[in-house]
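A.B. asks: Quick note: the sequence shown uses this note's numbering, first residue 5, plus one each step.
Misleading hints may appear alongside valid ones.
As the list claims (entries may be wrong) - Below, simulated DSSO-like cross-link-like pairs (lysine-lysine); rule was C-alpha separation at most 27 Å, straight line: (1) 97 to 113; (2) 113 to 102; (3) 125 to 109; (4) 97 to 109; (5) 125 to 103; (6) 27 to 47; (7) 108 to 97; (8) 125 to 113; (9) 103 to 113.
It should be emphasised that the hints constitute simulated quantities derived from the structure, not laboratory data.
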Amino acid sequence: MSAHENLEHAEHAEHASHGGNKKIALLISVLALFLAFSETLGKSAQTHAITLNVEANDLWAFFQAKTIRMTVLNTAGEQMQIEADRASDADTKARLAKKIDEWKKLVAKYDDEPSSNEGRKQLMARARNAEHHRDEVMARYHNYEFASAAFQIGIVLASAEVITGMILLGWGSGLLGLIGLGFTAAGLWAPHALHFITG
5 MSAHENLEHA EHAEHASHGG NKKIALLISV LALFLAFSET LGKSAQTHAI
55 TLNVEANDLW AFFQAKTIRM TVLNTAGEQM QIEADRASDA DTKARLAKKI
105 DEWKKLVAKY DDEPSSNEGR KQLMARARNA EHHRDEVMAR YHNYEFASAA
155 FQIGIVLASA EVITGMILLG WGSGLLGLIG LGFTAAGLWA PHALHFITG
């Protein structure tokens with residue numbers, strides 16, 4: 005080969021190299037964009053899950069407080085019933101029976117109060133609903149975390165391809181980008197899909 009042909013060959017190789025670098029730079033930019041989306045979705049899901057966890061804990065604490073009140077009133081009612089049974093005065097018996105009846109109604113209200121949605125039965129249903137919603141949001145969060153990891157590793161592989169010129173690294177980067185998109189889509193539309201796959 006002549007010097008002129010060598011120079012032309014080197015120019016073509018350099019031009020092809022620059023074209024390849026532009027494609028890798030574009031791939032890195034796209035992966036970084038998707039990484040930003042998955043990180044934003046993940047942070048939002050994490051914050052929402054924490055909020056739902058606090059809500060569920062508050063509801064269970066309220067449920068427990070109602071249970072304690074019911075137990076105290078039931079115990080006091082039983083004690084008062086013993087006193088009523090021992091009382092010889094009809095007026096005292098009537099007064100104690102009235103108080104016992106009031107407490108029984110209050111106990112029933114603590115257990116089931118659909119009007120305020122704050123009876124034990126309602127609180128239990130609300131707490132379980134908050135826990136279910138929290139678990140779904142956490143599943144979304146885990147998918148977004150896996151997506152972010154795939155995008156980050158993809159960016160590293162694409163950067164390594166620029167330095168080494170190994171085209172296989174670029175293909176691996178693109179594949180990881182697709183995997184990251186899959187996890188992002190799962191987080192949005194099928195958050196428990198990963199759980200079913202892993203068993």
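A.B. asks: It remains to establish, for every hint, whether it holds in the given structure.
C.D. replies: Status of each hint after checking the structure:
{"no.": "1", "hint": "97 to 113", "verdict": "24 Å, holds"}
{"no.": "2", "hint": "113 to 102", "verdict": "17 Å, holds"}
{"no.": "3", "hint": "125 to 109", "verdict": "16 Å, holds"}
{"no.": "4", "hint": "97 to 109", "verdict": "18 Å, holds"}
{"no.": "5", "hint": "125 to 103", "verdict": "25 Å, holds"}
{"no.": "6", "hint": "27 to 47", "verdict": "30 Å, violated"}
{"no.": "7", "hint": "108 to 97", "verdict": "16 Å, holds"}
{"no.": "8", "hint": "125 to 113", "verdict": "10 Å, holds"}
{"no.": "9", "hint": "103 to 113", "verdict": "15 Å, holds"}
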